[in-house]
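Number of protein chains: 4
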Amino acid sequence: MTQQDDCVFGANVKPIASVLPGETIEIEAYDCFGDIVRPQRDWKEVLESGEEIFENPVTGPIYVEGAEPGDALAVDIVEIQVAERGVTALVPGFGLLEGWFSQVPPVSKFSEIKDGEVSFPTSRGKSIIMPVRLMIGTIGVAPATETIATVTPSKHGGNLDTLEVTTGNRLYLPVSVKGALFALGDVHAAQGCGEVCGTGVEVPALVKVKFNLLKGKKIEWPRIESPDEIMTVCSARPLEDATRLAVRELIRWLVADYELEEYDAYMLLSVAGDVGISQIVDPAYTVVAKIRKQLLSQLR
Amino acid sequence: MTQQDDCVFGANVKPIASVLPGETIEIEAYDCFGDIVRPQRDWKEVLESGEEIFENPVTGPIYVEGAEPGDALAVDIVEIQVAERGVTALVPGFGLLEGWFSQVPPVSKFSEIKDGEVSFPTSRGKSIIMPVRLMIGTIGVAPATETIATVTPSKHGGNLDTLEVTTGNRLYLPVSVKGALFALGDVHAAQGCGEVCGTGVEVPALVKVKFNLLKGKKIEWPRIESPDEIMTVCSARPLEDATRLAVRELIRWLVADYELEEYDAYMLLSVAGDVGISQIVDPAYTVVAKIRKQLLSQLR
Amino acid sequence: MTQQDDCVFGANVKPIASVLPGETIEIEAYDCFGDIVRPQRDWKEVLESGEEIFENPVTGPIYVEGAEPGDALAVDIVEIQVAERGVTALVPGFGLLEGWFSQVPPVSKFSEIKDGEVSFPTSRGKSIIMPVRLMIGTIGVAPATETIATVTPSKHGGNLDTLEVTTGNRLYLPVSVKGALFALGDVHAAQGCGEVCGTGVEVPALVKVKFNLLKGKKIEWPRIESPDEIMTVCSARPLEDATRLAVRELIRWLVADYELEEYDAYMLLSVAGDVGISQIVDPAYTVVAKIRKQLLSQLR
Amino acid sequence: MTQQDDCVFGANVKPIASVLPGETIEIEAYDCFGDIVRPQRDWKEVLESGEEIFENPVTGPIYVEGAEPGDALAVDIVEIQVAERGVTALVPGFGLLEGWFSQVPPVSKFSEIKDGEVSFPTSRGKSIIMPVRLMIGTIGVAPATETIATVTPSKHGGNLDTLEVTTGNRLYLPVSVKGALFALGDVHAAQGCGEVCGTGVEVPALVKVKFNLLKGKKIEWPRIESPDEIMTVCSARPLEDATRLAVRELIRWLVADYELEEYDAYMLLSVAGDVGISQIVDPAYTVVAKIRKQLLSQLR
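The listed protein sequences derive, respectively, from chains E, H, R and W. Note that this note's numbering has the first sequence beginning at 1, numbered continuously upward. Note that this note's numbering has the second sequence beginning at 1, numbered continuously upward. Note that this note's numbering has the third sequence beginning at 1, numbered continuously upward. Note that this note's numbering has the fourth sequence beginning at 1, numbered continuously upward.
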């Protein structure tokens, strides 16, 4: 399966494949730098080479048969396999603390990934071993009329950089054009909530996803369902607005599906729901609002 | 032990007691409304009565013998006991979604608290049972020259509304005046990250804390240590600035105590640290940045 | 000259005309609602009719012969003629104070425009007469790879809603695609700085502009030159970032063209430059930073 | 008249003088650095000396006889006389672009002030001559219960850094404690809207003000009246909130004094009012919303 090189989500991008609802496929994805940052030629050299850098390439788009505006596409993340080496980089002009502390030259670090663990090198010569946190950074469908760069998250999905887009979970995306035009890329072997320097452990990957189509299920923003929780995923600037949107979407969900009054849902989230920062480095910031299904099941 | 009624942290407030470093004491605290919202006379009636409402009263201040500006006060949260009933209220003009959705009359809900569980009533006549998440909402010391309302969080602590200020954890506060002038209140039996409607399950409480004094340990902002993690706790508006401050403080901590380079600490937090929203409703918003001790121990 | 109905700036939109550098043309433009809100059938009726509303239509795009990525397009605003009636509307979900005060039904007001004055009706039965402040709300070129809705301002121009885009001034836009693909619309007969409720006195118009091409003049963001001042025009959220960008762009301009040191330009703007809010209602907020040419001429 | 050295506005600060309503007095004020940055020993040396720096000293407080909580204090700015030399400084950790561009050493610049003009030196060896823009940077009264540093603007006034606090205008401040406890300082010989680097042309001054007391005139935030305009002055972070507050206050003023409907006032400000950034560098940002009296007089 080939990869897209214009790095946008849009109605005009020509599909590279099509699937039927219910089908499971494997998608190969570059890392967020198009696999060109390597130990033999690191980040600084790449930047200095003047070579064109793919900015957050995605694989796709994939045409989902039968998908129409007003439907929801439910994507089950079945499996994420990653390469044995990932890269973390400080990108000039990018990252939460850009300008907040002493300047550093462009830095790239290469982590080894093996047996479910990431070995992250430090400047002190020792590596830190941590469990993998596999996740898909960029995943989405085409917006209705705009064409949006793959580095930007919004209602169509995109560069969500959300830890919960991971194996075993289901992501819901609002379909805005015929065929949905799904694409993904930018897989991380590890990332903290916030992704504060702008990158995680960026890694080429093979992702297995299953497509499901919910006809006539209109949603405004991406949603996630894990075995234990339901979540809304909203992106905006400032961070306050992303948070407001995510909480409001979750309240609407609770009102629609669990018959709570609006103020009731609001108060329930205040005492038992959680809002969390997915990333605070992309052109819009992403916040997740969530609540445990076990609590909601008591309302049935 | 009596309670303070001017609802400020400040050098001019007269101490109600004094303790020695190493001492453990019990502190009785009103809930955030001064215990005046009760099932017999709920929030709406209180608001309409014109009666003066204590705004987030704290118990204290407590003079810590030997504490001087430039020291850190380390407070171990030994035990939190709460009453059997807590209140959650929608406060007009307060809360993340103020104005974002249909207006509701002032609402208060009373939860029963028993055997480690909170029973939260819903408008559908059913209650939702959830485990308690005991925490101290407001805790701090006097600032150097300003006098700050107890509803506001800042460098001196204050209305942090941070879930991690809980049993088994240690909170570090920067001492700015002689005797530190410690106070606490505003305990919650349950609260979600964000505290989105402005209140948790607000509850009168009896709190046992142990005071420790770190002479000459200069810190800028509150810090928390749990058995598993170290954390910085910063408050500001906008939310982006609170996040930047928390991450920068944690980087400084890693540089000072673990000898990492600044950029190294930054990248480590990006792949393995987490930033989280404590609350997004108070006059300044509070963010926690954290990393697991197990990862850092590999550097020793 | 026909009008565009997909309401985007993008490389894929087919030009409706072409011009040579140096040429002056007249462009006819709908108002921001596509001229469909009228006294006979006001805003409320339009919203309820379910009829499709053009969202901020523009006229164009116009292909500028010879324009290539890396050039700047300099557009002289030669003349703005407006209709005799304009509309101001409260758009649900839009406006600075959305949700901050009591809800009102959708409202539209029709102002008479005559002899350089606007007569704005009030609920008290009296009209307020004010001088016109003619300006072009939306004006821009195609971005390089993205397709951007006409309601959004950014580096390519777009919905700037900036008072200084007016007769006698020159607007510089960065060319990102062959032919530039210029378009404009959304003219206002009057608007305050901020455009706080989301609309000005929106009016159909006939605009005369002259196109000039500055080959190889690379700029990042739109700029304006009036007889007295030079200005940068940047759009972002939050408003702080829009302000930072506009000031930084102006500093860069002063450093490049007036040979000031960076810190020097920064301090000069602090004592003698001005930053101002153009609008704080669109998907990104727009800020102008400016300084008087008379001050700069002393450096020659 | 002596100057205050604890640099706060608060109920506990002892008055240095008292005045009767209707009285005009002269107040001598240090510059914002307490006059210690001088050509013979500039900013860098001062910072390195370790000497304590007065942070934005004010002269006062002045007890206004008869002033009580719930009144408004109306202060007419009768005259501002300034010294012949002013200082502009880059303060580390301060200023809009802190960290956004290349680091510079602490810089101070000394402007000559003569005959209504400021001569501002540049790094190119030439000075730029500009007209003075005299204004009082910090001016306010004591808050009710908090004690607030003089660098912070809020409801009580404080470090407003607002150009319109100038000769010929009247400033209204809400009285919160007996005697009001008025103080001022931090005069600027010139400043741009935004005060982007954090300082204007900071200058010692002699200020003549007349005090007027409006019994029972309750206002929430400072207001300004010039010969031509009425204005509200609100301070908050983020900048969006400062803007919302200023516009809302002005709408409330129009509703109360000009009998407009709320939506009417909102729309009027959108087409004929202006919002402007006073400063975007202090602990809270200050925004002014204004409208011309000539327009309002048509409603009488």
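Just so you know, these hints were derived from the structure itself, not from any lab. A few of these clues could be false.
As the list makes no split between identical chains, a pair holds if one copy fits it or if it spans any two.
Stated by the list, open to error - With a straight-line Cα cutoff of 27 Å, these simulated DSS-like cross-link-like pairs (lysine-lysine) come out:
no. : residue 1 : residue 2
1   : Lys44     : Lys210
2   : Lys218    : Lys44
3   : Lys293    : Lys114
4   : Lys126    : Lys14
5   : Lys14     : Lys178
6   : Lys218    : Lys293
7   : Lys126    : Lys210
8   : Lys114    : Lys215
9   : Lys44     : Lys293
10  : Lys178    : Lys126
11  : Lys14     : Lys114
12  : Lys44     : Lys178
These are the hints, each one checked on the structure:
For a Cα distance limit of 27 Å, the shortest separation of Lys44 from Lys210 qualifies neither inside one copy, at 38 Å, nor across copies, at 44 Å. For a Cα distance limit of 27 Å, the shortest separation of Lys218 from Lys44 across copies, 25 Å, qualifies, whereas the shortest one inside one copy, 45 Å, does not. Taking the shortest Cα distances, Lys293 and Lys114 sit within 27 Å of each other only across copies (22 Å), while inside one copy they are farther apart (33 Å). Proximity of Lys126 and Lys14 under a CA criterion of 27 Å is satisfied in neither setting, with 46 Å inside one chain copy and 51 Å between copies.
Proximity of Lys14 to Lys178 under the C-alpha cut-off of 27 Å is found in both arrangements, the shortest distances being 12 Å within a copy and 22 Å between copies. When the C-alpha separation of Lys218 and Lys293 is checked against a cutoff of 27 Å, the pair qualifies only within one copy, where the shortest distance is 21 Å, while the shortest distance between copies is 44 Å. Taking the shortest alpha-carbon separations for Lys126 and Lys210, neither the intra-copy value of 40 Å nor the inter-copy value of 37 Å comes in at or below 27 Å. For the identical chains of this complex, Lys114 and Lys215 are neighbours neither inside a copy (41 Å) nor across copies (45 Å), given an alpha-carbon limit of 27 Å.
When the C-alpha separation of Lys44 and Lys293 is checked against a cutoff of 27 Å, the pair qualifies neither within a copy, at 46 Å, nor between copies, at 31 Å. With identical chains, the CA atoms of Lys178 and Lys126 are never at most 27 Å apart, being 51 Å at best within one copy and 42 Å at best between copies. Taking identical chains as interchangeable, the C-alpha atoms of Lys14 and Lys114 are never at most 27 Å apart, the minima being 36 Å within one chain and 51 Å between chains. For the homomeric pair Lys44 and Lys178, neither the shortest alpha-carbon distance inside one copy (42 Å) nor that between copies (32 Å) is at most 27 Å.
Hint check: violations occur at hints 1, 4, 7, 8, 9, 10, 11, 12; the rest are consistent with the structure.
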